[in-house]
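Asker: Sequence:
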Amino acid sequence: MRPPFAAGLRGLCMIAVASLVLLINAGVLMALFGVGSLIRFDGEVFLLGKALSLATITDLQWQVFALVLLVALGPLVLLNWHVRVDFLAETFSSRPRRITEILGHILFGLPFAVLFLPPAWSFFKRSWRIDEGGVSGGVQDIYVIKFVLFAGFALLAFCLALRLLADVVALLKGQ
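Here my numbering is used: the first residue of the sequence shown is 1069, the next is one more, and so on.
What the hints contain is simulated information worked out from the structure, not anything from laboratory work.
Using N, Cα and C, we set each Cβ at its ideal position, and we do this for glycine too.
Be aware that a few hints might be false.
[What the hints assert, rightly or not] Ranges between beta-carbon positions, derived for each pair: (1) F1114 / L1080: 18 to 26 Å; (2) F1155 / G1104: 46 to 54 Å; (3) S1190 / F1160: 23 to 31 Å; (4) W1149 / E1200: 30 to 38 Å.
Make the full structure from the sequences, and use the hints.
Answerer: Laid out in structure tokens, this is it:
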């Protein structure tokens, strides 16, 4: 049975991936036809700066990709859809498999996610403080993607903790 938020998560991922495909195609076509800028704005526009340029579209490509990756990691763990070493896990019965999952979350998953939180927060804070903008006319509000980095690791840590709790409860119930 899928949790209620799985359909919404899938929808968001589909929108993000479709956006990524659109951005990649727009970037390729702009480069092919030598178009440096699609639209120029009278003033600054959030994220885009003064123009929607090839540099902006290129920056948005990797930022949307990072967004998809970082936001999806936590829910994938929570839904137990994450990648594991299956050739070992498939040979275990349910109890040893559950214990292996718990140890993996305690020894690897949670420390990994928590270890990245302080530097990711510092990375974001510095960017916010200096109002970091892109180089060569790319995406201007760099602090947004740097916050996504922090939020992604925070979400991963939270989801790992929930998955760990669910696995411990299931182990104690003999499941």
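Asker: Indicate, hint by hint, whether the structure satisfies it.
Answerer: We went through each hint and held it up to the structure:
1. Between F1114 and L1080, the C-beta spacing of about 20 Å keeps the proposed range 18 to 26 Å intact.
2. Under the hint 46 to 54 Å, the C-beta atoms of F1155 and G1104, about 50 Å apart, fit the expected range.
3. In this structure, S1190 and F1160 break the distance hint of 23 to 31 Å, their C-beta atoms being roughly 40 Å apart.
4. With their beta carbons about 34 Å apart, W1149 and E1200 fall inside the hinted range of 30 to 38 Å.
The structure is inconsistent with hint 3 alone, although it conforms to all the rest.
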